[in-house]
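Protein chains: 2
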Amino acid sequence: MANPTAQCIAEYAELDKEYEQLQDIHKEYSKKVDEVRAIQRKCMSHIAHQRYRMRQIGDSVRRANSHSDGEDKDALKILSKNMDERKSHFRELEEVLPHENGVYLKIILGSVNVSLLSKQDKYQYKEDYERFKFYLSMIILIYALLLYFINMRVIDAAFQFLLVWYYCTLTIREHILKVNGSRIKGWWITHHFISTACGGIFLVWPDGYTYNAFRPQFVGFAVYLSLVQLLQYYYQSGSLYRLRALGERRNMDITVEGFQSWMWKGLTFLLPFLVGGYIFQLYNAYVLYGLSRHESCIEWQVYALAVIFLVLFLGNMITTIAVIRQKILA
Amino acid sequence: MANPTAQCIAEYAELDKEYEQLQDIHKEYSKKVDEVRAIQRKCMSHIAHQRYRMRQIGDSVRRANSHSDGEDKDALKILSKNMDERKSHFRELEEVLPHENGVYLKIILGSVNVSLLSKQDKYQYKEDYERFKFYLSMIILIYALLLYFINMRVIDAAFQFLLVWYYCTLTIREHILKVNGSRIKGWWITHHFISTACGGIFLVWPDGYTYNAFRPQFVGFAVYLSLVQLLQYYYQSGSLYRLRALGERRNMDITVEGFQSWMWKGLTFLLPFLVGGYIFQLYNAYVLYGLSRHESCIEWQVYALAVIFLVLFLGNMITTIAVIRQKILA
Ligand SMILES: CC(C)(COP(=O)(O)OP(=O)(O)OC[C@H]1O[C@@H](n2cnc3c(N)ncnc32)[C@H](O)[C@@H]1OP(=O)(O)O)[C@@H](O)C(=O)NCCC(=O)NCCS
Ligand SMILES: CC(C)(COP(=O)(O)OP(=O)(O)OC[C@H]1O[C@@H](n2cnc3c(N)ncnc32)[C@H](O)[C@@H]1OP(=O)(O)O)[C@@H](O)C(=O)NCCC(=O)NCCS
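Which chain is which? The protein sequence lines are V and G, in order.
In this text, residue positions in the first sequence follow this note's numbering: the first is 56, and each later residue adds one.
In this text, residue positions in the second sequence follow this note's numbering: the first is 56, and each later residue adds one.
Don't take each hint at face value.
It does not matter which identical chain is used: a pair holds within one copy or between any two.
Okay, derived cross-link-like pairs now, DSS-like style, lysine-lysine, Cα gap no bigger than 25 angstroms in a straight line [said to hold, decoys possible]:
#, residue 1, residue 2
1, Lys382, Lys86
2, Lys86, Lys161
3, Lys132, Lys142
4, Lys142, Lys177
5, Lys240, Lys188
6, Lys142, Lys82
7, Lys87, Lys72
8, Lys86, Lys142
9, Lys320, Lys87
10, Lys97, Lys86
11, Lys97, Lys82
12, Lys128, Lys72
13, Lys72, Lys142
14, Lys72, Lys82
15, Lys136, Lys72
16, Lys72, Lys97
17, Lys82, Lys174
18, Lys177, Lys240
19, Lys174, Lys142
20, Lys161, Lys177
21, Lys132, Lys72
22, Lys177, Lys82
23, Lys188, Lys161
24, Lys132, Lys161
25, Lys177, Lys188
The hints are simulated quantities; they were obtained by calculation from the structure and are not laboratory data.
Isolated chain V, as found in the complex (with noise of 0.2 angstroms):
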């Protein structure tokens, strides 16, 4: 056999000349990644471009429908709506192209690029996002059952700790996804931080009479709410499954009617288990009401609180409300 230094030597030296490959490629990868930068600006300004004389042509528009008739009239009407394509066209366009965080991202992460470039990425990180809601919802469970076994004010405090951090990190998230494209309704994002405030006023509510009157209450609605939201997964996922299925149009099984069909089916399973939750904390808002014209109520807590699950109540109603609505009408 070879000297073993020798032969250290050798592999070395070999492993050299795949260095300098691996330079090469590095060189042409930095390349590229300018090049891309360079282009994808330029896709940018034009799209800017488009939109903003897009703007002018659509007054100009306007100004000519209102003095003009008959064939006129259905030129123009032809013009907007190829007008309107376009428009969405843009949006298509914009999928894979960065975006500009909003204002929450940038406090919290800072000016950090999180645009996901392709449908694949955006499609994995909205089932990241419902899996971790699902496993966070289970682990909430569990903890309030457990609840209902162990009273100390300290494991309550841990809980509600626990659902600050989740809603908190749930806002995060669902600003991710917004910032990517989603239309998720932007009360949901605002619900989720109303429910931080939320977990946060319970956190700071002495131990006292009024804590443990309204605290089997609240154990309860925890472990309801968790349970929604199982099911909520299910739905969701279910969705996002179908809506992939139908955008890929690879899978024929799936059509347009059939998402329909099994939206509605859906739906009309879970609508009356989020109405339960609603009414639920309509609920809270009454008793915890009660409680703050109690005598021996001197914690601010409780009529904040009563306010809170108030104003969850109206606003999930309300958007529940038109997004079945819109749901129908579309």
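Put chain G with the ligands on the given structure of chain V with help from the hints.
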């Protein structure tokens, strides 16, 4: 003048031509993105392979070293040195390649890519992080000064909530920094985690004898800490600015020695304040421990905070000493 309808249609037709151009650009962009991804993967797998082979050769070198002498030993020494240099080259190559998120970011953000792929972006992100700390320290300072004059548990609670949020946000940003190659010590991140918990425990500390006994000291500590953080800002952002100028080698005013001497001046100024802060933490631990043994103390928060402050004192002291030692040795 021409018919307004005809004019609209003509203008749109012109825009249409430009749209075709945009489509071409977009197609090229999508193609380039795919190319970048492919070459990125290639680059990463090459580096992984080099690392793997390096480890193997490293083992051989160690084995060869144990039974060789004289010339061979010298040759192996040179080889080892070359290999170490090579490894630091890998790090440089990886600077512009995406990095996988750690567990914490995966949980909070999901698997979104937060890599900053250029030195410029990294620098900006770091600067942004320092500025964020600066502004928030300012806000915390002013708020803490207000607490001297206003004594209401709700307003204290809002302050403590702000601390929880602030430190929590810091840990997120620091993990993003870390993914992007910052050599920030693990302890400082842990420190901010513990500070988050610390804020949370202050938050749930109910109003009462012990809370009010410790409150003035808590407010004083908050004021002191935010002042120190403002000083730290000047050191960190100055050091960042100079390191960047060094890295660019364009600005010839700054040399490595110049940076070193500036750094030591900055550190000598900053250190007494830092150590003052650590001693303040130790003192907090001491006072809280005393309070926790008081007969009217029924709150677990008191003892828990005493332990936490002791841990913070120890961790900060040890890490700072280690950092200084490292800098002296370097
Ligand atoms: C009513 C409901 C079932 C409708 O769901 P849907 O059919 O997905 O509604 P939309 O078509 O408006 O969805 C638009 C987008 O928002 C998302 N979305 C809808 N509701 C969401 C929610 N509560 N949280 C997060 N994302 C939501 C959808 O996934 C979809 O995302 P996409 O654009 O990335 O594909 C759903 O909004 C829901 O479950 N709401 C109840 C939430 C609640 O009140 N929880 C507390 C219970 S007491
Ligand atoms: C001691 C100290 C001044 C040294 O700073 P330094 O010279 O930048 O230290 P290092 O050379 O080890 O820095 C390595 C990296 O960690 C970063 N870093 C160091 N301390 C940091 C801190 N406390 N927070 C965030 N980042 C820090 C540096 O910016 C540098 O980043 P880079 O790799 O991206 O360039 C600094 O660590 C410090 O201010 N610590 C005190 C924090 C503290 O205790 N606060 C509470 C006061 S009671």
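Worksheet item: For the identical chains here, do Lys72 and Lys82 meet the 25 angstroms Cα criterion within one copy, between copies, both, or neither?
Response: Only inside one copy: Lys72 and Lys82 sit 16 angstroms apart there, 36 angstroms across copies, limit 25 angstroms.
Practice prompt. Evaluate Lys174 and Lys142 at a C-alpha cut-off of 25 angstroms and name the case that applies: within, between, both or neither.
Written response: within (19 angstroms within a copy, 36 angstroms between copies)
Worksheet item: Is it within, between, both or neither when you check Lys177 against Lys82 at 25 angstroms Cα-Cα?
Response: Classified as between; 20 angstroms across copies, 29 angstroms inside a copy.
Worksheet item: When no copy is specified for Lys132 and Lys72, does a C-alpha distance of 25 angstroms or less occur within a copy, between copies, both, or neither?
Response: Result: close only across copies, 21 angstroms inter versus 66 angstroms intra.
Practice prompt. Go through the copies and call it for Lys177 and Lys240: within, between, both or neither, with a Cα cutoff of 25 angstroms.
Written response: within (18 angstroms within a copy, 33 angstroms between copies)
Worksheet item: How would you label the pair Lys142, Lys177 (within, between, both, or neither) given a Cα cut-off of 25 angstroms?
Response: Classified as within; 21 angstroms inside a copy, 35 angstroms across copies.
Item to complete: State whether the alpha carbon distance between Lys136 and Lys72 is at most 25 angstroms within one copy, between copies, both, or neither.
Response: between (60 angstroms within a copy, 18 angstroms between copies)
Worksheet item: What label fits Lys132 with Lys161 when the C-alpha limit is 25 angstroms: within, between, both, or neither?
Response: neither (41 angstroms within a copy, 49 angstroms between copies)
Practice prompt. Could you place Lys97 and Lys82 in one of the four classes (within, between, both, neither) given a Cα distance threshold of 25 angstroms?
Written response: This pair counts as both: shortest intra-copy Cα distance 23 angstroms, inter-copy 12 angstroms.
Worksheet item: Which holds for Lys87 with Lys72 at a C-alpha limit of 25 angstroms: within a copy, between copies, both or neither?
Response: This pair counts as within: shortest intra-copy Cα distance 23 angstroms, inter-copy 28 angstroms.
Discussion item. Checking an output row: Lys86 and Lys142, CA cutoff 25 angstroms. Within, between, both or neither?
Written reply: between (33 angstroms within a copy, 23 angstroms between copies)
Fill in: Alpha-carbon proximity between Lys142 and Lys82, which holds within one copy, between copies, both or neither at 25 angstroms
between (38 angstroms within a copy, 18 angstroms between copies)
When the structure is compared with the earlier hints, violations turn up for hints 1, 2, 9 and 24 and for no others.
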